[in-house]
Amino acid sequence: MLETINRYILPQVSSTFAADVDALFTFINVTSVIILLGITVAIFYFSIKYRRKSEDDVTPVIRFNTMLEVTWITIPLILVLIVFAWGFRGYIDMRTPPGNAYEVYVTANSFFWQFTYPNGVQTTDELYVPAGRPVKLIMQSRDVIHSFFVPDFRIKQDVLPGRYTTLWFETLTSGEHVIFCTEYCGTGHSAMDGMVYALEPDEFNAWLNEQKELSERELPLAELGRNLYTSQGCAGCHSLDGSVVIGPTFQGLYGAERQFTDGTSRVADEEYLRESIKYPGRVINVGFNNIMPSYEGQLSDDQITAIIEFIKELE
Amino acid sequence: MAAASKDLKIREFPVEENPTEHYLNAGKGLKSWLFTVDHKRIGLMYLASIILFFFVGGMLALALRIELWEPARTFMDADTYNRVFTLHGAIMVFLFIIPSIPAALGNFFLPMMLGAKDVAFPRLNLLSFWIYSIGALFTLYSIAYGGVDTGWTFYTPYSTSTGTAVISMTLGVFIMGFSSILTGINFIVTIHKMRAPGQTWGKLPLFLWSLYATSIIQVLATPNLAITFLLLILESTLGVGIFDPALGGDPVLYQHFFWFYSHPAVYIMIVPAFGIISEVISTFSKKTIFGYWLIALSSLAIAFIGFLVWGHHMFVSGQSELSTVIFSFLTFFVGIPTGIKILNWIATMYKGSIDLKTPMIYALMFLFLFSIGGFTGIMLGALSVNVHLHDTYYVVAHFHYVMMGGTVFAFLAGIHYWWPKMTGKMYNELWAKIASVILFIGFNVTFLPQFVMGSQGMPRRYYSYIEQFQTLHQTSTVGSWILGVGFIIVGIYLAISLFSKNNRASSNPWGARALEWMTTSPPAHHNFNHTPVVLHNPYDFHKPISEFRLGIDGSDGHHSSEDVSTPKEVGDKV
Ligand code: HEM
Ligand SMILES: [Cu+2]
Ligand SMILES: [Cu+2]
Numbered sequence: 000m001l002e003t004i005n006r007y008i009l010p011q012v013s014s015t016f017a018a019d020v021d022a023l024f025t026f027i028n029v030t031s032v033i034i035l036l037g038i039t040v041a042i043f044y045f046s047i048k049y050r051r052k053s054e055d056d057v058t059p060v061i062r063f064n065t066m067l068e069v070t071w072i073t074i075p076l077i078l079v080l081i082v083f084a085w086g087f088r089g090y091i092d093m094r095t096p097p098g099n100a101y102e103v104y105v106t107a108n109s110f111f112w113q114f115t116y117p118n119g120v121q122t123t124d125e126l127y128v129p130a131g132r133p134v135k136l137i138m139q140s141r142d143v144i145h146s147f148f149v150p151d152f153r154i155k156q157d158v159l160p161g162r163y164t165t166l167w168f169e170t171l172t173s174g175e176h177v178i179f180c181t182e183y184c185g186t187g188h189s190a191m192d193g194m195v196y197a198l199e200p201d202e203f204n205a206w207l208n209e210q211k212e213l214s215e216r217e218l219p220l221a222e223l224g225r226n227l228y229t230s231q232g233c234a235g236c237h238s239l240d241g242s243v244v245i246g247p248t249f250q251g252l253y254g255a256e257r258q259f260t261d262g263t264s265r266v267a268d269e270e271y272l273r274e275s276i277k278y279p280g281r282v283i284n285v286g287f288n289n290i291m292p293s294y295e296g297q298l299s300d301d302q303i304t305a306i307i308e309f310i311k312e313l314e
Numbered sequence: 000m001a002a003a004s005k006d007l008k009i010r011e012f013p014v015e016e017n018p019t020e021h022y023l024n025a026g027k028g029l030k031s032w033l034f035t036v037d038h039k040r041i042g043l044m045y046l047a048s049i050i051l052f053f054f055v056g057g058m059l060a061l062a063l064r065i066e067l068w069e070p071a072r073t074f075m076d077a078d079t080y081n082r083v084f085t086l087h088g089a090i091m092v093f094l095f096i097i098p099s100i101p102a103a104l105g106n107f108f109l110p111m112m113l114g115a116k117d118v119a120f121p122r123l124n125l126l127s128f129w130i131y132s133i134g135a136l137f138t139l140y141s142i143a144y145g146g147v148d149t150g151w152t153f154y155t156p157y158s159t160s161t162g163t164a165v166i167s168m169t170l171g172v173f174i175m176g177f178s179s180i181l182t183g184i185n186f187i188v189t190i191h192k193m194r195a196p197g198q199t200w201g202k203l204p205l206f207l208w209s210l211y212a213t214s215i216i217q218v219l220a221t222p223n224l225a226i227t228f229l230l231l232i233l234e235s236t237l238g239v240g241i242f243d244p245a246l247g248g249d250p251v252l253y254q255h256f257f258w259f260y261s262h263p264a265v266y267i268m269i270v271p272a273f274g275i276i277s278e279v280i281s282t283f284s285k286k287t288i289f290g291y292w293l294i295a296l297s298s299l300a301i302a303f304i305g306f307l308v309w310g311h312h313m314f315v316s317g318q319s320e321l322s323t324v325i326f327s328f329l330t331f332f333v334g335i336p337t338g339i340k341i342l343n344w345i346a347t348m349y350k351g352s353i354d355l356k357t358p359m360i361y362a363l364m365f366l367f368l369f370s371i372g373g374f375t376g377i378m379l380g381a382l383s384v385n386v387h388l389h390d391t392y393y394v395v396a397h398f399h400y401v402m403m404g405g406t407v408f409a410f411l412a413g414i415h416y417w418w419p420k421m422t423g424k425m426y427n428e429l430w431a432k433i434a435s436v437i438l439f440i441g442f443n444v445t446f447l448p449q450f451v452m453g454s455q456g457m458p459r460r461y462y463s464y465i466e467q468f469q470t471l472h473q474t475s476t477v478g479s480w481i482l483g484v485g486f487i488i489v490g491i492y493l494a495i496s497l498f499s500k501n502n503r504a505s506s507n508p509w510g511a512r513a514l515e516w517m518t519t520s521p522p523a524h525h526n527f528n529h530t531p532v533v534l535h536n537p538y539d540f541h542k543p544i545s546e547f548r549l550g551i552d553g554s555d556g557h558h559s560s561e562d563v564s565t566p567k568e569v570g571d572k573v
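First to last, the sequence lines map onto chains P and E.
Residues 0 to 314 in numbering that gives the first Met the number 0 are what the first sequence lists, from first letter to last.
Residues 0 to 573 in numbering that gives the first Met the number 0 are what the second sequence lists, from first letter to last.
Just so you know, these hints were derived from the structure itself, not from any lab.
Take these hints with a grain of salt, some might be off.
Stated by the list, open to error - Residues of chain E clear of chain P, computed beta-carbon distances all greater than 10 Å:
#1 Thr199
#2 Leu237
#3 Val251
#4 Lys286
#5 Thr474
Unchecked claim - So the derived label-pair ranges between C-beta atoms look like this:
#6 P:Ile137 / E:Leu252: 34 to 40 Å
#7 E:Gly28 / P:Ile47: 31 to 37 Å
#8 P:Thr3 / E:Ile488: 37 to 43 Å
#9 E:Trp480 / P:Val29: 28 to 34 Å
#10 E:Leu233 / P:Tyr104: 33 to 39 Å
#11 P:Met194 / E:Ile488: 43 to 49 Å
#12 P:Pro200 / E:Phe303: 51 to 57 Å
#13 E:Glu466 / P:Arg273: 35 to 41 Å
#14 P:Thr172 / E:Gln467: 18 to 24 Å
#15 E:Leu296 / P:Arg6: 30 to 36 Å
What the hints assert, rightly or not - To give an idea of the chain E side of the interface with chain P (calculated C-beta under 10 Å), a few residues:
#16 Phe120
#17 Ala143
#18 Gly146
#19 Gly150
#20 Asp243
#21 Asp249
#22 Ser352
#23 Asp354
#24 Phe374
#25 Ile377
#26 Ile465
#27 Gly510
Beta carbons: idealized from backbone N, C-alpha and C, even for Gly.
Pulled out of the complex, with its shape left as it was, chain P reads as follows (with noise of 0.2 Å):
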């Protein structure tokens, strides 16, 4: 029956660390049920079998009890220590990457997450792993504190500005696994979520060779640009068919006249583009907040131009 239930209240075991933390929930959750179950009793019990008969009820004086108190204080005291030796074993394996962890770093930004895998491989809130071996995620944020979380998995952990962070966790078997940040973030934090696959060894391997290849090749200029809108997490904010997600959509922006919230306004050229990209909180649209992160340094000028290029092309 503990089975049944824990299949609908918790997620699926997806990790090595899943069936442990589950236990230890399930230990804690039938213990307080017990407890809770005779307190409950007791007060049905006490309420009806004591109740007033006459506003003259004498009651007796029953003012402490050693061996009782002493007996409800060791138990629990018990009971704790248990949960925590048990909590802190488990919290211990998940601190402890094994040294043969394969290596993905992870960026995260208002509000998409970057992976970057040791080949030099992109992707962007898709995060592909081997099945069946550890993997080790080192994190950093570029702007504000996010957390990486993985239901499936049992693992969470706080993405930081200015210094990195670290997860591990080996999968069970192949499949598919959301991501949720869970530290908030602002406007976008309940759309900061991604996916976690997981491939057979081979497969994964295929997968990365046929990415490097990808990336290598030379492509169009507008291809490219789509292919960094996609990876850079500009579609995160920007849509491509008129609808405002977060920011204002790409869709016939090129030429339009843009107005500022200074007053000013200007038609979207080239330069303006570059300038939107590069410093987008110099003018910021009317309509919207100035949450966009700054692209300087982080994109090329023949990256920006490719983008500018895919937008153009857009009309």
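Given chain P, work out where chain E with the ligands should sit, using these hints.
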């Protein structure tokens, strides 16, 4: 105390019923309220403000729950949602729950339970209320100015980079902190210096022990919050690098500072509730409290250990593994004194004469709901499980069980318990019972599904969510409407009770033994026209009630020696 035994005659002072003169008609007009130094009137003004803010916070909560009806947008955008949950949290924490029991009920009853005429520093008490009001104005200004979207925790570097009104909001909380500190000092001095003759520490009502512990936390912890917010304001206005890594600061340091206050602050929120529960359970069981000293001292133990566990909010923040383990270990020791209290309260009911009046029903509901809050706290203290549950709806459910199921239900118990004393009127018992059941059901329907969502991985502070969680979210939203109906009923019958004619309350409708019941309902302007003398523990129901009404003639017997400001004089200036 010496005075009592020397030459003054101790005699019984019978209580007048249906007094024609009392604190409510001792002065008329707005000025007689706004500039009063009467602790009872100040308590009532706090009560009114708190109820107002609870209403505002509640409306915001309902708006949040409605927005969560659909996985994507229901009726507001993400930025609005973020502002609304920040305001809901900040209002509920800083404007409602921290001042709720101590400043409203505490102010009203602390001096009365000591047999005193006022708190030790009545003018300071009025000042606290004014400071609180000014702080609240800053908060209102922040809302008008565009709101704040950081969450009530104001984590850096987000809070120093978002363009919203963070500065005025934190300034408001900073100012309100002084109100909290002054009230704390006032209560500590009053309890030390103004106890009735014969009222030794062992005869202090447990509500006062809990206020005493709370006051100590308020005085010690609040300055830390003030400094933290001051640093935050310095950083965002002058660019001094303290928390922002771009300026060479450390964002995790902010979290340490913040929780060093805010964890003890959760005990500011819950310990006074323990006090109410002790009073109510003993009175409605008509029985001596079981384990008086354990209940009294466990409040102090909680206050002390509460200072050592702040890091349990930061297990995955990037703090060192060693500190994480130590904080987890210490956290479990807060659970023990709390457990002791619950079991002692239940033991008090054993062989009692239990009368299930509304306050008692709320107290019993408190026992159930607060236990759930406690058990889920143990769950969150367990390290490996915490990693999974941190910042999910599990935490949201946990703190609502503690703060709402715990403190708010205890507050309701207290309001119903002392309503006849405060107003001199009796509310409709049947409607009160109906409302309590509705609130209990509504509360569980709202927050129980959140434990499930959280366990499944639903993060908190999410404007949109994946479809898998929709049923649970909708159940929770329906629950919030039931809660809303419950509170409306409470508001209506309490309001009616004020204006009805044939429901005057007697001086001691519950047959309680503590001193506040040994004067008229509503109390006289100076609480007592004599100096009460205490012989027994306030829970000695086996002693005849006449022995709890003893006193000596003369109005300022035990006050004159330590003349902090003789309440009589102060009162006369009003
Ligand atoms: C009327 C019943 C209430 C409902 C329906 C309700 C609902 C909510 C909701 C939906 C959230 C947002 C959760 C998230 O996304 O993280 C929230 C947060 C919160 N609530 Fe309530 N709430 C209620 C009463 C209370 C009470 C009585 C208190 C305290 C006394 C309280 C304190 C808080 C706090 C501190 C937060 C966190 C805000 C933040 O994350 O910054 N709530 N509540
Ligand atoms: Cu986030
Ligand atoms: Cu805490």
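Checklist entry - Taking each numbered hint in turn, which are not upheld by the structure, reported in ascending numerical order? => result 3, 4, 6, 7, 15, 16, 17 and 18
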